[in-house]
Amino acid sequence: MNNENISERLNSSKVTTWLADNIVSLIFVAFTLFGFLVSDGVTMNFFLTELSSRFFRNAFLVLSLIIPVVAGLGLNFGIVVGAMAGQVAIAIVLYFGWGGLNGLLLTMLIALPIATLFGYLTGILYNKTRGQEMIASLMVGYFAKGIYQFLFLFVVGVIIKVPKTHPMIKPDGVGVRMTVDMGAYDKGGLKYALDKIWEIPFMWAILAIFAAILLLQLWKLIRNKKNPVLYRYNKTMTVINIILSLVMIAVSIQAITTESSLMMVRKVPVFTGLLIVALCIFNELILKTKLGQDFRSVGQSQHIAEVSGINVDKTRIIATIMSTVFAAWGQIMYLQNMGTLNTYGAHTQIGMFSVASLLVGGASTQKAGVKHAILGTLLFNSMFIMSPEIGLSLFGNALLGEYFRTFMVYGVIGLALGLHVWRTNKKGKATLN
Amino acid sequence: MVNVSKKTTGFNDIVKKIGFPTIFIGGFWILLLIAGGALGISINTLLSDTIKRAGMNGILVLAMVPSIQSGTGPNFALPVGIVCGLFATVWAIEFGFTGWAWLFVSIAFSIPLSVVVGYLYGRLLNAVKGSEMTIATYTGFSIVAAMCLAWLMIPFKSRNMGWFIGKGLRETIQLDVIGGDKILSEFLSFTIGGEKGIIIPTGMLLIFFLCCFIVWMYFRSKSGIAISAGGINPKFAKSSGIDIDKGRIKANILSTIMGAIGIIVYSQGYGYTQLYTAPLMMAFPAVAAVLIGGASAQRAKVSHVIIGVIIYQGLFTTALPVANQLFEGTDLSEILRMVIQNGIILYALTQVKGGDN
Chain P
1 MNNENISERL NSSKVTTWLA DNIVSLIFVA FTLFGFLVSD GVTMNFFLTE LSSRFFRNAF
61 LVLSLIIPVV AGLGLNFGIV VGAMAGQVAI AIVLYFGWGG LNGLLLTMLI ALPIATLFGY
121 LTGILYNKTR GQEMIASLMV GYFAKGIYQF LFLFVVGVII KVPKTHPMIK PDGVGVRMTV
181 DMGAYDKGGL KYALDKIWEI PFMWAILAIF AAILLLQLWK LIRNKKNPVL YRYNKTMTVI
241 NIILSLVMIA VSIQAITTES SLMMVRKVPV FTGLLIVALC IFNELILKTK LGQDFRSVGQ
301 SQHIAEVSGI NVDKTRIIAT IMSTVFAAWG QIMYLQNMGT LNTYGAHTQI GMFSVASLLV
361 GGASTQKAGV KHAILGTLLF NSMFIMSPEI GLSLFGNALL GEYFRTFMVY GVIGLALGLH
421 VWRTNKKGKA TLN
Chain S
1 MVNVSKKTTG FNDIVKKIGF PTIFIGGFWI LLLIAGGALG ISINTLLSDT IKRAGMNGIL
61 VLAMVPSIQS GTGPNFALPV GIVCGLFATV WAIEFGFTGW AWLFVSIAFS IPLSVVVGYL
121 YGRLLNAVKG SEMTIATYTG FSIVAAMCLA WLMIPFKSRN MGWFIGKGLR ETIQLDVIGG
181 DKILSEFLSF TIGGEKGIII PTGMLLIFFL CCFIVWMYFR SKSGIAISAG GINPKFAKSS
241 GIDIDKGRIK ANILSTIMGA IGIIVYSQGY GYTQLYTAPL MMAFPAVAAV LIGGASAQRA
301 KVSHVIIGVI IYQGLFTTAL PVANQLFEGT DLSEILRMVI QNGIILYALT QVKGGDN
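Residue numbers (our numbering), protein chains in the order written: chain P, 1 to 433; chain S, 1 to 357.
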């Protein structure tokens, strides 16, 4: 086979490739639009309120998955372990009755060493299960669940003596209750401790976000003009982004000035948003440091990285620790928004949902960025909101929608992973031949 | 372990031969049995339960052997086979079969179904070489979730399975109504050691050993040896003219069939057919059992299945009453199950020789 043929096969029609790359995202967009079409019960207000609160709850967790992907560890289902670290910290803080913003910061501080330790241990495990990290990370979540339950159901009470009368402890004095109330913010609790610092109306937030995007795009354009060789950007995408932001800015200004129904959407927590933005920036900036470059080269080929003098094992462990710590903080942010600590259930679904979100955004096991995480969180949660409604309006059964939702979560992970491996294998074959 | 006193074969050799996990967990089980005896729990009841549960789960564990041997790793997509079995069971009930007829029709219908499904699943695994285990897990999960929709939407008429109000099937279907409850377990069953002796569910054990024998025989046939060869060294097998992909498909068909028959045998022993999300996590105990029996993620034998399922099920039937006696009100045995089951799978994963990317 000659070379031309191979390149032809690899670049076979751009449209098909683009479709194959984005098939999962497209399914979700279509699904959400379909939901709007068939269900008349969903108003734009309800949808946006749900979506924004879900977004601010989950985005941090989804973002915590990016670094391991860059470092070649694949999708880290093991962020469940990080979530557990966060919950341990919350339990400690709640036990001593601390609360408010200081209590929340203390929680994050306590979670840091715990998550670092957990991350270190999982990192070692991933180094021992090289090539099978993803299934290992899934299993480590289940394994840690056992340890976690041992800690909360047995060690608390039997080994660490606690007073029976404490509201967190089960009446018989052994173990932590199934659900623990985190206490209202104005009464010195942890609920909304972060969210309630400063809230702004939804449309103002939209305005601010798209103004920022517009500025960013303009800055890119200017930089591109100055030095077209160094900073090459996709022109069409930039133009599309600029038009999109202009439209959104117009819409939000219109909504703000006319006080339309969109102003009724629930307010947006600024600090939570800022933390999410901070993690986005961190994820981007770290790639420009020495460590980030190490992540990348380890992710591309462990062998070459090893030869060029990078400590592969250590780099992978650092990546895992970072992911675990961010997951712990993400879980704390998630729970302060929920307001109750579901002691034995809150962490179980985190791994699946976050991974599914990231994949829906168009990421794969080897390529993931902030863009994928943000887009994915939005799309995935749109599906989550819509599917019971579709079940209800099409089949008169909301339960059907619930099952469909579960199917989408598992199906999307399976499909995205399967497609990716299949395409990689096919490419490998094409070049080998 | 008899040879421990003899110094000629070193202790380490024996540990290596039987396998560290097998000795460790087996030893733990024996310790628990002794503790149970000391606490006044009837050893006979514990052993009866162990045999019963080993018989129920045996074929599901056996399903791991073909897939491991073919090189696709433990069949984490066992739920694929399980839903085939459940689907067949449900249709057999729908057509009004009862008793033995129900059992035979279920098994007879489940086999062609799982051949087709297993073939497709095998094709899928061939397309995703290198990440079989992760993809298999999610294939299993997706199928279970998709079947949740099917259980709810297929308009079954039988009154033995539906909800009293509304559409769809019940979460658990009682088998005593159709005369399928413990139909195999009680076939020719007898007790050893008088009234309160050890109950032997002969029928169930017979079908388990029959399946074991079939798998054992199959891996001695030409086609079975070809599958094993492909699993051990794909490149070498390929150069000797073995069609590895075909072997992997065959092995996974066999594995899926075992999953389907396994769940039917399991259901009759349990007395209920569990639908919806019940099969979701069923692969993990089966994987853990075969690993405890001494298998690795690349090699497994029928003997590993028999040893593994007895130790695994024995450990947890014993742990439950013992833990309840020692620490009242705690759920220690469930925690123990989670830690050991997932710990052993992790341990096996660390033993997989992974390549560089």
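Keep in mind the hints are simulated off the structure, nothing from the lab. A hint or two may mislead.
Unchecked claim - To give an idea of the interface, some chain P residues facing chain S are shown, with a C-beta separation under 7 Å as derived from the structure:
hint	residue
1	127
2	132
3	134
4	149
5	150
6	151
7	152
8	155
9	159
10	160
11	414
12	418
13	422
14	423
Glycine is no exception: its CB is placed at the ideal position from the N, C-alpha and C atoms.
Status of the hints after comparison with the structure:
{"no.": "1", "hint": "127", "in the structure": "violated (9 Å)"}
{"no.": "2", "hint": "132", "in the structure": "holds (5 Å)"}
{"no.": "3", "hint": "134", "in the structure": "holds (4 Å)"}
{"no.": "4", "hint": "149", "in the structure": "holds (5 Å)"}
{"no.": "5", "hint": "150", "in the structure": "holds (5 Å)"}
{"no.": "6", "hint": "151", "in the structure": "violated (10 Å)"}
{"no.": "7", "hint": "152", "in the structure": "violated (10 Å)"}
{"no.": "8", "hint": "155", "in the structure": "violated (10 Å)"}
{"no.": "9", "hint": "159", "in the structure": "violated (11 Å)"}
{"no.": "10", "hint": "160", "in the structure": "violated (14 Å)"}
{"no.": "11", "hint": "414", "in the structure": "holds (3 Å)"}
{"no.": "12", "hint": "418", "in the structure": "holds (5 Å)"}
{"no.": "13", "hint": "422", "in the structure": "holds (5 Å)"}
{"no.": "14", "hint": "423", "in the structure": "violated (10 Å)"}
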